[in-house]
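> As a plain string of letters, each chain reads:
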Amino acid sequence: MSAAPVTAPRSFQEIILRLQNYWADKGCAVLQPYDMEVGAGTFHPATTLRSLGTKPWAAAYVQPSRRPTDGRYGENPNRLQHYYQYQVIIKPSPADMQDLYLGSLAAIGLDPSLHDIRFVEDDWESPTLGAWGLGWEVWCDGMEVSQFTYFQQVGGHDCKPVSGELTYGLERLAMYVLGIDHVMDMPFNNPASPIPLKYGDIFRQTEEEYSRHNFDGATTDMLFQHFKDAEAECERLLSQPADDPKTGKRIIMAHPAYDQTIKASHLFNLLDARGVISVTERQAYIGRVRALAKKCADAFRQTEAGADA
Amino acid sequence: MTDLLIELFSEEIPARMQARARDDLKKLVTDGLVTAGLTYAAAGAFSTPRRLTLTIEGLSPRSSAVREERKGPSVSAPQAALEGFLRSTGLTLDQLEKRADKKGETWFAVIERPGRAAEEIIAEVLEATIRNFPWPKSMRWGAGQLRWVRPLHSILCLLSDDTGAHVVPVTVDHIPSGNTTEGHRFLSPGRFAVTSFDDYATKLKRAHVILDSAEREQAIWQTAQNLAFAAGLELVEDRGLLTEVAGLVEWPVPLMGRIADQFLSLPPEVLQTSMKEHQKFFSVRNPKTGRIEGFVTVANTETSDQGATILKGNQKVLTARLSDAKFFWENDLRVAKAGMGEWEEGLKAVTFHNKLGSQADRIARIAALARDIAPLVGADAAQAERAAKLAKLDLRSAMVGEFPELQGLMGMYYAKAAGEPEAVAHAARDHYSPLGPSDDVPTDPVSVAVALADKIDTLTGFWAIDEKPTGSKDPFALRRAALGVTRLILANDLRLKLDRLFDAHILRHQIRHDTDTDNASLIDTLLGSVLSNGVFGEITRALIAPLESSAPDWLVRLTGHDPALSHDLLSFFHDRLKVFLKDQGIRHDVIDACLTMPGNDDLSLLVKRATALNATLDTEDGKNLVAGFKRANNIVTQAEAKDGVEYSFGADPKFAETDSERALFTALDQAEAQITPAMKAEDFSAAMQAMAALRAPIDAFFTEVQINTENEIIRRNRLNLLHRIRGVCLGVADLTKLDG
Chain A
1 MSAAPVTAPR SFQEIILRLQ NYWADKGCAV LQPYDMEVGA GTFHPATTLR SLGTKPWAAA
61 YVQPSRRPTD GRYGENPNRL QHYYQYQVII KPSPADMQDL YLGSLAAIGL DPSLHDIRFV
121 EDDWESPTLG AWGLGWEVWC DGMEVSQFTY FQQVGGHDCK PVSGELTYGL ERLAMYVLGI
181 DHVMDMPFNN PASPIPLKYG DIFRQTEEEY SRHNFDGATT DMLFQHFKDA EAECERLLSQ
241 PADDPKTGKR IIMAHPAYDQ TIKASHLFNL LDARGVISVT ERQAYIGRVR ALAKKCADAF
301 RQTEAGADA
Chain B
1001 MTDLLIELFS EEIPARMQAR ARDDLKKLVT DGLVTAGLTY AAAGAFSTPR RLTLTIEGLS
1061 PRSSAVREER KGPSVSAPQA ALEGFLRSTG LTLDQLEKRA DKKGETWFAV IERPGRAAEE
1121 IIAEVLEATI RNFPWPKSMR WGAGQLRWVR PLHSILCLLS DDTGAHVVPV TVDHIPSGNT
1181 TEGHRFLSPG RFAVTSFDDY ATKLKRAHVI LDSAEREQAI WQTAQNLAFA AGLELVEDRG
1241 LLTEVAGLVE WPVPLMGRIA DQFLSLPPEV LQTSMKEHQK FFSVRNPKTG RIEGFVTVAN
1301 TETSDQGATI LKGNQKVLTA RLSDAKFFWE NDLRVAKAGM GEWEEGLKAV TFHNKLGSQA
1361 DRIARIAALA RDIAPLVGAD AAQAERAAKL AKLDLRSAMV GEFPELQGLM GMYYAKAAGE
1421 PEAVAHAARD HYSPLGPSDD VPTDPVSVAV ALADKIDTLT GFWAIDEKPT GSKDPFALRR
1481 AALGVTRLIL ANDLRLKLDR LFDAHILRHQ IRHDTDTDNA SLIDTLLGSV LSNGVFGEIT
1541 RALIAPLESS APDWLVRLTG HDPALSHDLL SFFHDRLKVF LKDQGIRHDV IDACLTMPGN
1601 DDLSLLVKRA TALNATLDTE DGKNLVAGFK RANNIVTQAE AKDGVEYSFG ADPKFAETDS
1661 ERALFTALDQ AEAQITPAMK AEDFSAAMQA MAALRAPIDA FFTEVQINTE NEIIRRNRLN
1721 LLHRIRGVCL GVADLTKLDG
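Quick mapping for you: the protein sequence lines, in order, are chains A and B.
Take the first sequence: its position 83, counted from the start at 1, is 83 in my numbering, and no numbers get skipped.
Quick note: to get my numbering, add 1000 to the position in the second sequence (first position is 1).
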């Protein structure tokens, strides 16, 4: 385990930067966020699709994530409809994955000689992605600071080899490290900067706007239609012949199709927040997204990046 | 003396799986060693979050040699038989012996298995144990193929005797065995070697690991109690939590904190549940106020600030959690005080089962049934109906959404807040009971009415849609519901005609699902009549008659009612009852003897009869009477079959020839004079005592009298007399069903 850094971080962004540096040092490709609305970092194709097949992989990235039902108009101390996850995915999972993870906590100022860090059973499952794995939620002084999962299946495919996935809920983790009680009060940049910005300076207004949008504003007829369109487009893209008539190359459109799956999933989340999906329909919608995710996984397995070596 | 030490060191094993895993490790390894011919004196298994450990003492260093002789086919037998024998013995033809016996020459195989070194056997058994370990859930990791509960990092396998210790070499999926282990992850990092179990346990403790979970539990409990006591408080006992927490730590350090004043107004169950479920905290009570005022958290490490940072962090998480709980509680109270209409409305959109409608439909059915059951259990009908309507509304409350295990209990708090009477509030809390076989059974009549209606609605509903339990599959816990109804009836000594109850409520399911009718109150009246008078009863029929001209579509359900479903459900109850009574020491055949008697849908009556019969059969007279009855019954039955008549003309004492015959007449007269009123009064003990008193005269009769005499008149008279014995006995219970 690497030694704890001498200084405590001062801001939200410093914690992110330290994680970026730490995982870059450990050999991960530091990617940028996926440019679509997703519910969690796992949805990034760098995790879902790249956890399939035998090609080794190591990536780390921040992923802005949206959970429309969690909107609280910026009033709740730690609930947000838009928040950041930090995601690490390594395939095959290295034998010292736990130590690597603990090193990252030390890097952001959680010194295990002062804190109580525990791995508490928590099996992960994503019904919309047809994925599951075993692992833990990691507790620091009784607070969940990360999710640690060994992927067993994604999109209905067995993960061979197994990927190790780490997900840090950045706001909650940072609030704990920085000793902040309300997320909006958290310094985003260095508080000693000429223009110090707090989390609330950046996100309070958007939380209000999106809360109103998610709960009352979004046009549901349009969302229903978009869901159908995304579903149809995903299937249409995957039903094209593998050989591209124009270039004569074999080009399976797994990623563009997967974008439509991501879209369908987010539209479903919005419809759910609008309260227009009944309990029974809910399962059916989740099943439809899962069916798309599975088809994309099948298609990706046919491509070079997702094949078995 | 040889000892074996095994440690399987892995990433954190879920706490709930550790106890089973200890037992499995011990059983799989010791069974494997014994099957391979080794013996041992003692074995013990241990677990921490990161290791499973097995120690075996007094292991034999070698298995003894085994010589086995097996007889094969005759030398003249076909080639196929010989080949089969060679395959089964694993020998070749030249290794077999020919031996002469009575039928000629026969092949014999002499198989000699030499003794093997323990080491060789241990390696095989350990590898098989690891590869086939029955974890409830297991996983792969990295690029390996092995499955374990979480990644397995090292295997310690050490054999030691007076001369020293050595590693038993075994490699499982690239993990080689060794003689080293690790201590506490943070307090004592690094590996160290061990030489024996004692050395292992001692060094672990030095490396901040208490190996034995019982010792960790003890340490946690002791320290936590001391902390509470020193503050003038007391720890709330929770064995399940203690076991779980002991499975989460290798070096337990309990820390105590206080709950902020602003949360002390929350119901104590909410505080306890929130702290336990989310944070695995023990609750600490103030004995003076009875309130939960503090908590104990158990850290897995010692720190330079004596846990101050850890406690502060935990306190912060608790504050966030309890703020949520308080928010839920206050919001829920607001809805409750406004009459819970919001929740009632919400349950319309929640499906109970796609063939049984929404939760709101279900509640309406339960309320109607509770109202009808109320007079039968001594409850006020309006209160029972009201209680049934409220009892499940808490399912929509935010608190129950967060903590499903608080269902019912929150219902009670919210009913009280809504100003409902105590009986209604308590019914909300108690109507799910009894759940387990040892749960308390509600006794308040309103609670009893709602509890019965709830369970009968579920049972009749799933019967009506043909979703009955099969084999081990009982996804809707219908066996538990039936046992619950049974226990409610017996504990409260209720007299219910279940058959009619089932008929009425199965009809309610069928009618409500056929049509959404405007005739709700008419249907309620009709179903009420089914319940009190039976579906084919005159009063019910009289109610139906005038409707036949208008013939609403649902009416055919009533006029064409098939009682088979209710009968099937009743026999399901009888099966549950048999299991229940068997546990109370009532014989299986005794229950069978009572099940065929009239009124078998009245479980209290049934059990009364069975209890009395069971007691009678414990007496000498009772046992012999059954023998006498069976003898009489056999003779009459055979004679009736042979003669083609039924000997039910009545025996006449004037044809009696002997004293014992005359005495039996008198005895039967006396017995009947006692049995008839006793049966009417349902005094089965008295009836059965009177029946058992027939034993002596029946025995004397059989000793002295020959049934089949030359004189046909006398013979027939005697057969008629036996018939009377049969009649008297069968009126009490079906003694033909008894064993022996």
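Misleading hints may appear alongside valid ones.
[To be verified] Just a few of them, taken from the derived set where beta-carbon distance is under 7 Å, the chain B residues facing chain A:
#: 1; residue: E1011
#: 2; residue: Q1079
#: 3; residue: M1139
#: 4; residue: R1140
#: 5; residue: W1141
#: 6; residue: L1227
#: 7; residue: A1299
#: 8; residue: A1349
#: 9; residue: H1353
If you are wondering where the hints come from, they were derived from the structure by calculation, not from laboratory data.
These numbers come from a predicted model, not from an experiment.
Backbone N, C-alpha and C fix where the C-beta goes; we use that ideal spot for every residue, glycine too.
> Which hints, by number, does the structure contradict?
2, 6 and 9
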